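Peer 1: Residue numbers (this note's numbering), protein chains in the order written: chain A, 22 to 449; chain B, 22 to 120; chain C, 1404 to 1674.
Bear in mind the hints are in silico, worked out from the structure with no lab data behind them. One or more of the hints may lead you astray.
As the list claims (entries may be wrong) - Below 25 Å or equal to it, Euclidean Cα-Cα: the simulated SDA-like pairs (lysine to any residue) are:
| id | chain 1 | residue 1 | chain 2 | residue 2 |
| --- | --- | --- | --- | --- |
| 1 | A | Lys211 | B | Arg40 |
| 2 | A | Lys94 | A | Gln114 |
| 3 | C | Lys1591 | B | Tyr86 |
| 4 | B | Lys57 | B | Tyr86 |
| 5 | C | Lys1591 | B | Lys57 |
| 6 | A | Lys191 | B | Phe84 |
| 7 | C | Lys1473 | A | Lys191 |
Computed from a predicted model, the values in this text were never measured in an experiment.
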Amino acid sequence: METKFDVIVVGAGPAGASAAYTAAKRGLKVLLVERGRGAGSKQVFGGRVYAAPLREIYEGFDKEAPIHRWVRKERVSLVDGNRMVTVEYESDQAASFTTYLTQLTSWMVDRAVNAGAVFVDEVRVDSILRDGSGRVVGIDSGGERVYADIVIDAEGVNRLLLEKLGLVEKTRPSQVALGVKEVIKIGEDKINERFSVAPGEGVSWVLVGAVTGGMPGGAFIYTNKDTVSIGLVVYLETAVEMVEEPIHVMVEKLRTHPALGRLWADGDVMEYAARLTPESGYRYMPRKLAAHGLMVVGDAAGLLLNTGYTFRGVDYAALSGHMAGEAAVKALEQGDVGEENLRSLYEKPLLESFMVRDLRRHRGIEWFMSNPEFFKKYPALAAGVASKLFDLEGEAPTLLDALRSSAKEHGLSMFRLAMDMFRVVRKL
Amino acid sequence: MSTGEAKPKLIRVEDLLQRTVYDVDHRAHIVVDSEKCAKCPKKPCTYLCPASCYVLVDDRIVFSYEGCLECGTCRVICPMDAISWNFPVSGKGVQYRFS
Amino acid sequence: MSLKVVVGIKWVPNTQAVRFDPKTGTLIREGVPSIVNPHDLDAVELALQLKERYGAKVTAISMAPPSAIKGLEHVIGMGIDDAILVSDRVFAGSDTLATSYVIAQTLKRIGDFDLALFGQETIDSSTAHIPAQVAGWLELPYMYYVDRVEEVDEKQRTVTVRRMLEDRLEWYQLKMPAILGVAMKSQKPRPVSIYNKLRVRMENPIQVWSNKELGLDPRCLGLKGSPTLVSKVTWTPEVPRKKQVIEGPPSEAVKKLVEKLCEEGVLPFEC
Ligand SMILES: Cc1cc2nc3c(=O)[nH]c(=O)nc-3n(C[C@H](O)[C@H](O)[C@H](O)COP(=O)(O)OP(=O)(O)OC[C@H]3O[C@@H](n4cnc5c(N)ncnc54)[C@H](O)[C@@H]3O)c2cc1C
Ligand SMILES: Cc1cc2nc3c(=O)[nH]c(=O)nc-3n(C[C@H](O)[C@H](O)[C@H](O)COP(=O)(O)OP(=O)(O)OC[C@H]3O[C@@H](n4cnc5c(N)ncnc54)[C@H](O)[C@@H]3O)c2cc1C
Ligand code: SF4
C-alpha cells in the first residue's frame, strides 16, 4: 500500500494528540498511530493537570474537557510513621484540575480526529524509518511501511524507538521513577465531606517520608469526581538499593495508613496501575529534539517538571506537541524538513519557552530528590518538632527548643540543618 | 481515632490485578532469560515489578507476562540484561479506564 | 468466482473485568469494556487462512449495538475484507433463537456465501446455540469443533474439515454452503496490521443493516421473538475448604500434595 502523509505522529498521549490536532487543524494530512485499543487505554498519571497551556491549544477547553474537580486545596505532608505534619494552601484560582488521563487523552484524540487527523489504534510502531542518508522518512510496523515528510515521536517515557534510532541511550535507573497508583471509589458526597470541599472543587496532596519507606520519592492523593487517586512515586536508582518490601505492599500500606486510610477505607479499588516517569526532565532530554524529518515531544523529550510538590507532565507534553505541530506546518510551507530548519522552528523556541526555563531552574532539585536523608530524617524531624509542640504533657517548649532537641534526636546539628535548608530554598 | 479498630487488610497483588482490565495476548510481549537471572545477585524485579510478574520459586525466577502493567520498570532495572522487552501488539494487554 | 466466507462475531463484555460487589452481591459493570468474543478470533483466523489459500473474500457479521463497530474494525485490522453490523432496537433482548434467526436472515441476504464460520461459544453466555441454530434455519450442513479446513473443492462444492475431540480426530466432508463452528483455542489469531487498519479509515468497509434492510417480522425479533425464560439463577455454592497448608519449597510441596491426593483416591492414574 503506497500511502504517504505529511506528518505521522507516533503515540497518542497528550503530546501526540496535541501535535496531531494542531497539524490537522492547520490543514496537514496527519496520521496518528497508537498501540493501545482506542485512545487513552495505556495512559496512567497521578491526577492533576495545569490548565493554562491546554486552554491555549484547545478552544472551549474549560467547557468541554473531562474535568473532574478544580484544585482549590494544596496539601504537603511530611510523614513519620503514623505522625505527620501538613501544610495546606487554599486558593480560589482555577489553575489546575483533577481528571483521569485515560479520559483527557481520549478527549484530545477526538479533537484531533474532528480536525481531520487519521487515527489508527491497536498498532505498535516497531521502528522509525530512515533512508540511506539518514533522513527520517516514515515508520515501520510489523514489516509494513508508511511514509511521511515528518515523523513526530511522542512515544512517552519508554523510548524504544529513539533508542533504536540511536538518538538516546538506553534508559538508566537514575533517570526515571516508578509510579504506582490505585483509584478508589467512595462517592461524590463523601469526597466533598471528608476533604471539606464544595462540589466541583478538589484537593491535590503530596506526601513525603515514611510513605515510601524513607526512599526518595513521595506519595500523592488527588480527589476526582467520585473517586480518589492515591499512589507512590519512587526513584528507581535508590529504590533498587533500598527497597525492602514489594512495591504493591507499599501502595497497600498507603491505602491502609492509619492517619489517611479512613478517608477512603469504605471505598472500592476500581483500578491498579503503574507507569514510569522521567525523574526530572532535564537529565532525560535527548541531545537534540529534532533531526531531518523528525521531532521529539513530551516525555520522550524529557519535558517533565517534578519539583516534589508539583508534577507538570501533561501540560508540558501537550504544549510541546502543539509547538511541533506548528513547526511542521511552517517547515512544509517552506519545503524544508531538514534538521537545521526543524531545530530552529521547534527546538529553539522550545528551549526558550517557560517549560525548559523552569526545568533548568529546578535542576538542583535532583540533589535532594536523590538524597535519602531528606526522605527519612526531615519528615521525622518535622513530626518530632510538632509532637514536642502539641503532644503536651508538661511545660510547653518554644519552637526553637523543640527544633533543637528534635534535631538532636535525629542526629542532625543545627548547623547542618540550616545549611540543608539554605540549599533547598536556593534551589527551589 | 479509637485504637480498638480492626486493622484494614492489605489486598494481595493477585486481587489488585483483578481490578484492572486486560485482554491478554497468546504471544508474550516480554521474554526473560532465566539462565541470566540465576546469576543475578539482587533480583530487584521481585520487589519492584508492581504486578509481581517476577517471583522466586526455589531460587529461580519465574516470569509470567499476563498481569504486566506495561510500566517498563523491569527493562530499566535489570542488572543482567536478561529481559527482551516490548509492548503487546493488536491493542492487547492492559486496558486502563480510570487512571 | 472466488470462495466467499462469512464469519460471525459477537461483541461481549470483557468478563474478566466484571466483578462482584462484595457488599451488594451484584455485578459491577461500570466501565467494563467490550471485546470481540475471544473464541471468535479463532474463526477469524481460520477464515483468513482460507483467504490466503483460496483467495476467499471474507465478510464479518455481527448482530450488536453500534459500539460493536470497534470490534469489526479490529477484525478488519486482522485482514477481514469487509463487515456488516446488524443493528436495530427491535433486536434488543433476543435470546439465542431470535439471534440465530436474524443471523440466518442476514446470511440469506448476503446470499452467495460458501462457508459461514462461527466461534465455538461465547464467554458471556456460552450456549453454543448460534451456529447450530443458524444451520437449522437455513437447512445447511453443520460441523462443530472444527480445528482445520483440509480442503475446499470449489468444483465439487465440498469442504473437508477435521475436528478434534478429546480422544480422537475425525474428518468430514460437507456440501457447501456449510456452517462451521471452530474449536476454541485451536488457532493462533494473527495481529492487527497497520495497512489493514488504514483501510478501515480510508475505505469505509463497514455497512450497517437495520431491520429496514432485512425486513423481518417483529414478532420473531427481540423479546417478542424469544421464547426462552430464565426461570432461576443460582450461584455455585461455596464448598467448605479444609485449608491445609503444605509447607516447604514448591518442588517438595508438590510431591506431598500428590501423595495426599493419592491417599484421597482422586487422581485418574495409579500412584
Ligand atoms: C505516577 C505518575 C504521576 C504523574 N502525575 C502527573 C500529574 O499529576 N500531572 C501531570 O501533568 N503529569 C503527571 N505525570 C506525567 C505525565 O503523565 C506525562 O508527562 C505525560 O503523560 C506525558 O505525555 P506523552 O504524550 O509525552 O507520553 P505518554 O502519555 O506516555 O503517551 C505515549 C503514548 O504513545 C504510545 N506509544 C508508545 N510507544 C508506541 C509505539 N511504539 N507505537 C505506538 N504507540 C506507542 C503509548 O501507548 C502512549 O499512549 C505523572 C506521571 C506518572 C508516571
Ligand atoms: C436463557 C437465555 C436468555 C437470554 N436472554 C437475553 C436477553 O434477554 N437479552 C439479551 O440481550 N441477551 C439474552 N441472552 C443472550 C443471547 O441470547 C445470546 O448471548 C446470544 O443469542 C448468543 O448466544 P451465545 O452468546 O450463547 O452464543 P453462542 O451460541 O455460544 O455463540 C457461538 C458463536 O456464534 C456467533 N455469534 C453469537 N452471537 C452472535 C451475534 N450477536 N452476532 C454474530 N455472531 C454471533 C459467534 O461466532 C459465537 O462464537 C439470553 C441467553 C440465554 C441462554
Ligand atoms: S513492565 Fe512493569 S509490570 Fe510489566 S513485568 Fe516489567 S516491571 Fe512488571
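Peer 1: Is the straight-line distance between the alpha-carbon of lysine 1591(C) and that of tyrosine 86(B) 25 Å or less?
Peer 2: holds, 17 Å
Peer 1: Can you confirm whether the C-alpha distance between lysine 1591(C) and lysine 57(B) stays at or below 25 Å?
Peer 2: Violated, at roughly 29 Å.
Peer 1: Are lysine 1473(C) and lysine 191(A) close enough, with their CA atoms no more than 25 Å apart?
Peer 2: violated, 36 Å
Peer 1: Measure nothing beyond the straight line between the CA atoms of lysine 191(A) and phenylalanine 84(B); if it is 25 Å or shorter, mark the hint as holding.
Peer 2: holds, 22 Å
Peer 1: Would the hint linking lysine 211(A) and arginine 40(B) be met if the CA-CA limit is 25 Å?
Peer 2: holds, 22 Å
Peer 1: Would you check the hint for lysine 57(B) and tyrosine 86(B), treating anything up to 25 Å between C-alpha atoms as holding?
Peer 2: Satisfied, since the Cα-Cα distance of roughly 18 Å is no more than 25 Å.
Peer 1: Has the given pair, lysine 94(A) with glutamine 114(A), been kept, meaning a C-alpha gap of at most 25 Å?
Peer 2: Within the cut-off at roughly 10 Å; holds.
In summary, the numbered hints that this structure violates are 5 and 7.
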